[in-house]
Amino acid sequence: MARDEHSLLRENIPAYVLGALDAEDARALEAHLQTCDACRTELADYRAVSDNLLAALPPRQPAPALRKQLQSRLPSARPAQKTAQPRFVWSFGRLATGVALLLLFVTNLFSFVQMRELQRQQLNVLHQLQNNQTALAMLSYPGTEALPIDEGNISGTLLLDRERNSAALIAWNLPELPEGQVYQIWLIESNEDRVSGGLFRPQADLPYTTQPVFSSQDISDFVGIGVTVEPAGGSDQPTGPRVMRVNF
Amino acid sequence: MLYDRHVGRVYALTLRILSNPMLAEEATQDTFLKLWSRARLYLNERGSLLLWLLTIARRTALDRLRLEARRPMLSDSNDPEEAWDLIPDLSSLPEESRWRSLYFEVQSLQPDHRQVIELAYYQGMSQSEIAEVLGWPLGTVKTRLRAAMEHLREKWNAE
Chain W
0 MARDEHSLLR
10 ENIPAYVLGA
20 LDAEDARALE
30 AHLQTCDACR
40 TELADYRAVS
50 DNLLAALPPR
60 QPAPALRKQL
70 QSRLPSARPA
80 QKTAQPRFVW
90 SFGRLATGVA
100 LLLLFVTNLF
110 SFVQMRELQR
120 QQLNVLHQLQ
130 NNQTALAMLS
140 YPGTEALPID
150 EGNISGTLLL
160 DRERNSAALI
170 AWNLPELPEG
180 QVYQIWLIES
190 NEDRVSGGLF
200 RPQADLPYTT
210 QPVFSSQDIS
220 DFVGIGVTVE
230 PAGGSDQPTG
240 PRVMRVNF
Chain Z
0 MLYDRHVGRV
10 YALTLRILSN
20 PMLAEEATQD
30 TFLKLWSRAR
40 LYLNERGSLL
50 LWLLTIARRT
60 ALDRLRLEAR
70 RPMLSDSNDP
80 EEAWDLIPDL
90 SSLPEESRWR
100 SLYFEVQSLQ
110 PDHRQVIELA
120 YYQGMSQSEI
130 AEVLGWPLGT
140 VKTRLRAAME
150 HLREKWNAE
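So the protein lines, in turn, are chains W and Z. Here numbering that gives the first Met the number 0 is used: the first residue of the first sequence is 0, the next is one more, and so on. Here numbering that gives the first Met the number 0 is used: the first residue of the second sequence is 0, the next is one more, and so on.
Only chain W is shown next, with the shape it has when bound in the complex (with noise of 0.2 Å):
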């Protein structure tokens, strides 16, 4: 090949790394590669500067809906790539791919779990700012009564309102129960006989739990009320342990 065309076609690489070269240009440039060992040295490098212009630009970065948009979408992407299986080669795209739709099942799986979790967190909440309300309105009820708790490391009051025929019990530092356990209450008659009073866990991250207690006949026809640890569903008689004990 004469020198002139070799530069003049060399001439013509810049414009090629940048897509800007027309197209029988670019034609006799690519012919001419396959032969030239310099030009495809200059190819590759002006192919280095092309490369990473596309990265110089500074980041940018979208709505945050786009994330989920995408998110929405991939689980069409998945059958295209189920049809290349029979052709399977174990290739690092492939594997990217791979650890990509892994990471997103995981960060849903996580979103999910996360929801769930505060769903029963906020209904625990709910749930004790109810107890408390009632404890808080009997303590305001004159006719009240606040019996003192004192077992060990338990402590705390059970309010007794026999007009109203209700109780609320008030104790600090329950133990953690584990899975399958809860406490129970039980409304204990003159013959040492009990009747349940109602099941109740711990409540968690407060020091301090608030539990009404339920009875369904006069609650003066009791002489105390007591606490075991039991199965989960509770018992129809005391199994378990005694947590504490309260005479009226």
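Just so you know, the hints here were simulated from the structure itself, not pulled from any lab data. Here a beta-carbon is modelled for each residue, glycine too, at the ideal position from N, C-alpha and C. Only true hints are included.
Pairs of lysine to aspartate or glutamate residues, derived as EDC-like cross-links and limited to a Cα-Cα distance of at most 20 Å, are as follows:
no., chain 1, residue 1, chain 2, residue 2
1, Z, K154, W, E41
2, Z, K154, W, D44
3, W, K67, Z, D3
4, Z, K154, W, D50
5, Z, K33, Z, D3
One side of the interface only, derived from the structure: several residues of chain Z facing chain W at Cβ under 8 Å:
no., residue
6, F31
7, R57
8, R145
Fit chain Z to the supplied structure of chain W, relying on the hints for placement.
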């Protein structure tokens, strides 16, 4: 993850090409979907995953640009939105620092040289189209494009 790591650069590129946030977001989304569906085509020797992703992004955005049949205004180097912190960030990757320098070099090109580079690379125009749009002789476009690229290549290799 991959999306969080690279979306800033993908979006910056599609926005530069399309000059419209909504279209740029669509092109960004299409780019990642293509990545996930074509990842098996990625060859390690092709270079970094980011540059491969950006190549897809450029092609996707340019296709969209042709579809929209619209030519955005040329960028203005004084546009405050394009401001780039030119102080080297020592905590960033070596590539980050080189990309900042490359961006600086593009912005420092003579305006008519930079214009040719931007129309070619970010608007997908051929040299003939650039000559027509700017009303310059084709030879002038070729000379300016070549001079600009030689300058950038020299600076890139000197880093």
